[in-house]
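Turn these sequences into a full structure, and let the hints guide you.
Residues per chain, in single letters:
Protein chains: 2
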Amino acid sequence: MRTILELKTDQGITGISETYGGDKQTAVYENLRERLKGRDVFQLTCLWRDMTAQAAEGDRSQTMFVPGENPVDEPVRAYAAIEIACLDAIGKAWNLPMCDVVGGRARDAAPFSAYLFYKHAGGGGMGSDVREDEYGEALSAESLVRQAKQMVAKYGFKEIKLKGGVLDPDEEIRSIKELRAAFGPKYPLRIDPNCAWSVDTSVRVGRELREELTDGGYLEDPTAELDGMAEVRSRLLAEGIGTPFASNVAVTSFDLVPKAWKKDAVQIVLSDPHYWGGIRKQRQLSELCQVLGLGLSMHSNNHVGVSMMIMAHAGASSPHLTHACDTHYPWQTELDEVVEGGRIQFTEGAVPIPDKPGLGVSLDYDQLARLRERYAKLPYRKRDDEAEMRQHVDPNWRRVLPRW
Amino acid sequence: MRTILELKTDQGITGISETYGGDKQTAVYENLRERLKGRDVFQLTCLWRDMTAQAAEGDRSQTMFVPGENPVDEPVRAYAAIEIACLDAIGKAWNLPMCDVVGGRARDAAPFSAYLFYKHAGGGGMGSDVREDEYGEALSAESLVRQAKQMVAKYGFKEIKLKGGVLDPDEEIRSIKELRAAFGPKYPLRIDPNCAWSVDTSVRVGRELREELTDGGYLEDPTAELDGMAEVRSRLLAEGIGTPFASNVAVTSFDLVPKAWKKDAVQIVLSDPHYWGGIRKQRQLSELCQVLGLGLSMHSNNHVGVSMMIMAHAGASSPHLTHACDTHYPWQTELDEVVEGGRIQFTEGAVPIPDKPGLGVSLDYDQLARLRERYAKLPYRKRDDEAEMRQHVDPNWRRVLPRW
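Here the protein sequences line up with chains A and H, keeping their order. With numbering that gives the first Met the number 0 applied, the first sequence covers 0 to 403. With numbering that gives the first Met the number 0 applied, the second sequence covers 0 to 403.
Read the hints as simulated data drawn from the structure, not as lab findings. Among the hints, a few may not be true.
[Claimed, not checked] EDC-like mimics (lysine to aspartate or glutamate), calculated; alpha carbons at most 16 Å apart, straight line:
| hint | chain 1 | residue 1 | chain 2 | residue 2 |
| --- | --- | --- | --- | --- |
| 1 | A | Lys261 | H | Asp263 |
| 2 | A | Lys7 | A | Glu29 |
| 3 | A | Lys118 | A | Glu133 |
| 4 | H | Lys261 | A | Asp226 |
| 5 | A | Lys262 | A | Asp226 |
| 6 | H | Lys148 | H | Glu136 |
Keep in mind the model is a prediction, meaning the values are calculated, not measured.
Written out as structure tokens, the structure reads:
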């Protein structure tokens, strides 16, 4: 589920944006409509202050939330979507790509990573639109390697991520080892069990994969909370295992970065311009990570072409970006796309910054209307992974942390 | 001594900048001339990377340097001057004030502080241009209060800084107490002895001025180096004295900020866009300080109107700015000014951002030529405080740290 925004200026320019979706998210923007009328697209520092001044205090970790749904982050998420639409409008007014509006690109293309999932067969669309996805079933190390080869061949990715925390850790360890055997050390590997492991299990996996997750790879959110991560880290370091940890769960906002740094709980921050506050905040995070000696990569949620370009500009404009960014884009198809001209193209695993103003894409309103109709027919008004699992896989399924 | 730069774009726009002066500084820009030809004013991220890639490693503290003269910082200083000229050109191309080019202003005027100096009578100009300055002699607490009243009446400053480390600490303590008696607690006070005190003396002064330097005031660089500052801080905290410490000597670059933070050696960073890397780096520092819970104010060196506006835009665009910025501007006169229309005007101690593109000022070429002639007649090719002191005050004078 995604929200698409349009912001119209009095000069007749339309800036666009994409963010997290669902009825509650959309209502936020409906409520902002009047408040934004008449404001100046250049005065974003004040807008940030105004929109985030009332931000609630509270736990910023995303351990128990679907990404982008922590209510504490709502003002920052909303600001991000508006900031990006403003920067798109500015880019169009000045005939300048978005990454150049905010200070100039650090690279001409943003590198992305293959994103592997264990999955049953099927999985695309709903109702009359149900379809097999292009990758098929992947419930073992072998089928996962097949998925990886297919995705790498199609997009040219140079780094590979596995969403773990799904099968028994031993099978996931085996999957990473098989991926390493198939691709060799030139393709850094990362695994992300979404905090599904206990501290002990995390230490065991870190130990088993001490060879495979180094050289540009990482272990992402093996266990919940900064203290858990810090304990795993310290126990692995005591064994001489320096595998870095990445997080988009324990570190989701600026105030958590120095905390994570002090505890040495996280060595690579996974930003997400959609909930960190937009393109300039992505740059700020990039610079903060550089100053603190932390790595930086990017978190992804399901998204379509506008967000693909938001992430590309965010990646291109980040002076410090140490790992290829995540993207769910290979899991979408032409049928899901809302940008004119069809899907965004990758070159050797990277999305080049087009020589066009702003984000560099515009909306296909027919497709947008079709996707809106599809949303109306959905049984959910917000993303609900547990309901999906209970309906299609196991009627008793629920999320348990740690599961192993 | 200052350097004025002009950068001409192929669209016929001229961006201007001002930075530290002297033959060596100027040579840096002469050498950059060819290297900058044909570059894009928007591609500042690459320019930063290219210009600072070869930056030497070394001690970044300014303890033994005149500000802006640490050779380790040369590439960052040079980049800053060029970045600001580029942003001035962009602002002129887009008809947008500089602070709005980089993300929008946090405030419409940048607040500055009165800057008091102990001094002998005289002190303005040289050769045929020698003149009494407007403030006269100030070598005691009483004459300093007179200087403060005169400066506050003229400019409307709301905060007051004393450059200390000049007289015996007891007289400087007395000066601060007299200033507090004269102005009351609504005027926060700060004193900066330029590291002239030992740890013990710093603790003693902190103790004596425990009342006067709180409520928005601070103690700036009482002693040398981060470890010295941290020791003073910890000893004062043990006595229940929380007076914050500011620094532009022990913390002069991004890598030193987390070090200072970890040691709790510095609570307020004094930026200087001229040697921290320009306007966007000033914003980065502002955001870094906010994330780390540090305060932010601004260092000043002698400067004229272009830098006055650089500092105003830097201050206006800093989301987080906790104290009024320093400026030497009250110590210059119409005779020293290089901007068209004469001196920059203050409103209630602040410099308003003019409704003009870029920095909002342009050069007076006649004045610039006169100042260049004056520079040619100077006996020095770089700022040399010791030589000045030996020639005019004490033939045996030299800088000793700590002096007390």
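Right, here's what the structure says about each hint:
no., hint, in the structure
1, A:Lys261 - H:Asp263, "holds, 13 Å"
2, A:Lys7 - A:Glu29, "holds, 14 Å"
3, A:Lys118 - A:Glu133, "holds, 12 Å"
4, H:Lys261 - A:Asp226, "violated, 19 Å"
5, A:Lys262 - A:Asp226, "holds, 8 Å"
6, H:Lys148 - H:Glu136, "holds, 14 Å"
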